[in-house]
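*Asks:* Work out the full structure, taking the sequences as your base and the hints as a guide.
Protein chains: 2
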Amino acid sequence: MAPPKAFVFDAYGTLFDVHSVVEAGREITQEPQTLSLTWRQKQLEYTWLRALMGRYEDFWKVTEAALRFTVRRLAITATEAQLGRLMEAYLSLAAFPEVTATLERLKGLPLAILSNGSPRMLEAAVHSSGLGPYLRHVLSVDTVKTYKPSPAVYALGPKALGLPAGEMLFVSSNAWDVAGAKASGYQVCWCNRANATMEELGFRPDLTVERLDQIPGRL
Amino acid sequence: MAPPKAFVFDAYGTLFDVHSVVEAGREITQEPQTLSLTWRQKQLEYTWLRALMGRYEDFWKVTEAALRFTVRRLAITATEAQLGRLMEAYLSLAAFPEVTATLERLKGLPLAILSNGSPRMLEAAVHSSGLGPYLRHVLSVDTVKTYKPSPAVYALGPKALGLPAGEMLFVSSNAWDVAGAKASGYQVCWCNRANATMEELGFRPDLTVERLDQIPGRL
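These protein sequence lines are chains H and Y, in that order. Read left to right, the first sequence gives residues 0 to 218 (numbering that gives the first Met the number 0). Read left to right, the second sequence gives residues 0 to 218 (numbering that gives the first Met the number 0).
Calculated from the structure, these hints are not laboratory results.
Beta-carbon label-pair distances, calculated as ranges:
hint : chain 1 : residue 1 : chain 2 : residue 2 : range
1    : H       : A74       : Y       : G216      : 22 to 32 Å
2    : H       : K4        : Y       : G131      : 52 to 62 Å
3    : H       : H126      : Y       : T33       : 35 to 45 Å
4    : H       : E26       : Y       : Q32       : 26 to 36 Å
5    : H       : K4        : Y       : T78       : 44 to 54 Å
6    : H       : G165      : Y       : G53       : 16 to 26 Å
7    : Y       : K106      : H       : K60       : 35 to 45 Å
Capping the alpha-carbon separation at 30 Å, the derived lysine-lysine pairs in DSSO-like fashion look like this:
hint : chain 1 : residue 1 : chain 2 : residue 2
8    : H       : K60       : H       : K144
9    : Y       : K144      : Y       : K158
10   : H       : K144      : Y       : K144
11   : H       : K144      : H       : K158
12   : H       : K158      : Y       : K144
13   : Y       : K4        : Y       : K158
14   : H       : K158      : H       : K60
15   : Y       : K158      : H       : K144
16   : Y       : K4        : Y       : K144
Since the model is a prediction, treat every value here as computed from it, not as a measurement. Glycine included, C-beta positions come from ideal geometry on N, C-alpha and C.
*Replies:* So, in structure tokens, the structure goes:
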């Protein structure tokens, strides 16, 4: 792998821990883990389905729709105020523990986020996690009104950074996002935090790590 | 709901029972139900992801890739011959018990299939189930090289049948397919066989039944 000239990070699941909403879920269910996993799966499905239908709605609306589906599916009783608190958790997600130190080590090169998140959601999460000073660009799919893994999304990285995709390292914990970025020509690192199985989509990562702080030593 | 002038059926899960592959799965796992459910979920995900990536491969290849992912994820040991037998099960799927009698009652109007399946897979399933004589058209996404819920797929129905989408009843057991067809202007019946939860995609069925033989009495 050629030394990258810039790093482009996925946000949710890669820098920010989406399952940190589990705590907020305890208020309405004794199985907050199931709530969190179902919500996340459905959130992704709705991005894919809406993008394919040509019916884009921003990630806040998709996330809320996925939450409403999830509470109905799991037969959870929740007030609007309780659902509101779960949604608010998305505005103050925790970064994974090693993130700040890793970005500190990589910051000699341009660092960016490329995410499904709406601009408002990303701004809030970047602010609450304190990652703002490290990031040259925070790129949202909202610019192109579709979702990953559409090539239109991955094209935002080269456009903003002024580099070919093949000269940047795209980093994601989501195996399908790894395949999408690779199909769009990036060098790709899969941060396989949860011992997941690589997807069978015809594309493989150039590098696999378990935590982001393993990246600097592997370049 | 206006009386429909034609019926367009989804194939897998609606006419044909994809979980009838469970029997073939017993050869390689003690939890064939988990195999079947994971395989089906991943098969659908790969259609959505490949369509969004602009990397269409036909449904046979997607189904095989999903099977390979599933056995790795579930840590199942299987030979190529055993995987081959699971794939072959897709060529001789069982129709749900009420299907033939229902098509018999509806056959005064044009009946069609509109499916993700490849032409070869659909031909085999239609033949093995004996549904051929009832069907005026068997329409495959392979014509347009993308997958449901892309509007390009749903447009195949009006084109083949020479009727506007709004004058036909599209029937599917897949809630996301119901939303996709509704977004493309069809009247839509959701055959909710498994007490599933309707998706939150902004579209609702015009009619909901639990089995196909409830349709004639509800028109």
